[in-house]
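Below are the chains, spelled out letter by letter.
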Amino acid sequence: GQQLNQSPQSMFIQEGEDVSMNCTSSSIFNTWLWYKQDPGEGPVLLIALYKAGELTSNGRLTAQFGITRKDSFLNISASIPSDVGIYFCAGQPYRNLIFGKGTKLSVKP
Amino acid sequence: EPEVTQTPSHQVTQMGQEVILRCVPISNHLYFYWYRQILGQKVEFLVSFYNNEISEKSEIFDDQFSVERPDGSNFTLKIRSTKLEDSAMYFCASEAADRDYEQYFGPGTRLTVT
Chain A
352 GQQLNQSPQS MFIQEGEDVS MNCTSSSIFN TWLWYKQDPG EGPVLLIALY KAGELTSNGR
412 LTAQFGITRK DSFLNISASI PSDVGIYFCA GQPYRNLIFG KGTKLSVKP
Chain B
4 EPEVTQTPSH QVTQMGQEVI LRCVPISNHL YFYWYRQILG QKVEFLVSFY NNEISEKSEI
64 FDDQFSVERP DGSNFTLKIR STKLEDSAMY FCASEAADRD YEQYFGPGTR LTVT
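In order, the protein sequences belong to chains A and B.
Quick note: the first sequence uses our numbering, first residue 352, plus one each step.
Quick note: the second sequence uses our numbering, first residue 4, plus one each step.
In isolation and in its complexed conformation, chain A is listed as follows (with noise of 0.2 Å):
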């Protein structure tokens, strides 16, 4: 089946560093969508994007939907502690999501 491939794994940084990770595919998708996964609850919604190329910002956060339409990539500048928690990104074929194993973000205080 499709598989998402997400990277780093996970990433330590200092407080007010910049982060990048992205998500590939071997399969085009029609929209990628990026949620964050705190301890214990649901994945919250941060950005669509349902255009190759387009880039689209919330508050701190930019991702890209890419070119090939087979990747995707998030940044978060200016990190701060409660940036901590897991990083899924997912690609949508159909209606169904299909979910990347996820980027761990711990911030160093």
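Treat the hints as calculated values from the structure; they're not laboratory data.
Remember, predicted model here, so these are calculated numbers, not experimental data.
Even glycine gets a Cβ: it sits at the ideal position worked out from N, Cα and C.
Treat the hints with care, as some may be off.
List time: in silico DSS-like cross-link candidates among lysine-lysine, alpha-carbon distance up to 25 Å [said to hold, decoys possible]:
| # | chain 1 | residue 1 | chain 2 | residue 2 |
| --- | --- | --- | --- | --- |
| 1 | A | Lys455 | B | Lys45 |
| 2 | A | Lys421 | B | Lys60 |
| 3 | A | Lys402 | A | Lys387 |
| 4 | A | Lys387 | A | Lys455 |
Over the 10 Å line for every Cβ pair with chain B, so calculated as not near, a few chain A residues [to be verified]:
| # | residue |
| --- | --- |
| 5 | Ser361 |
| 6 | Gln365 |
| 7 | Lys421 |
| 8 | Pro432 |
| 9 | Leu456 |
What the simulated footprint calls covered on chain A by chain B, stretch by stretch (three residues with Cβ under 8 Å from a Cβ of chain B suffice, anywhere in the stretch; the number is not a length) [what the hints assert, rightly or not]:
| # | segment |
| --- | --- |
| 10 | 391-397 |
| 11 | 446-455 |
Given chain A, work out where chain B should sit, using these hints.
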């Protein structure tokens, strides 16, 4: 702000028992989904539901699973005879027709099968 709600937050059941997980989607949404997440793993799609019928389902969603929208607000997932490997977090999600593909997730039900 409207949100998806799920009950119970934690369900413990014995192997072979039936469980029903409940969800109240966001009120004006038309598409409904169930996903599951085994501890420490990624979120996996189970089933999508639209216009009172299943529109897609994954290989995980076998004959032991069923979904129902019994009234205008609830959306349920039933597992007929639970197995140990059904232990997971189960998330309900909903999506508005005019905000295509933006799925909003509930807080999840942690199912523990003993």
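How the hints compare with the structure:
1. A:Lys455 - B:Lys45: Judged against 25 Å, a Cα distance of about 12 Å means the pair holds.
2. A:Lys421 - B:Lys60: Cα-Cα ~23 Å, so holds.
3. A:Lys402 - A:Lys387: holds, 21 Å
4. A:Lys387 - A:Lys455: holds, 10 Å
5. Ser361: Consistent with the label, serine 361 of chain A stays out of reach of chain B, its closest Cβ about 12 Å off (over 10 Å).
6. Gln365: holds, 26 Å
7. Lys421: holds, 17 Å
8. Pro432: holds, 22 Å
9. Leu456: Non-interface label stands for leucine 456 of chain A: nearest chain B Cβ at 16 Å, farther than 10 Å.
10. 391-397: holds (count 6)
11. 446-455: Coverage by chain B holds here, the residue count being 8 at a Cβ distance below 8 Å.
Of the numbered hints given earlier, the model fails none.
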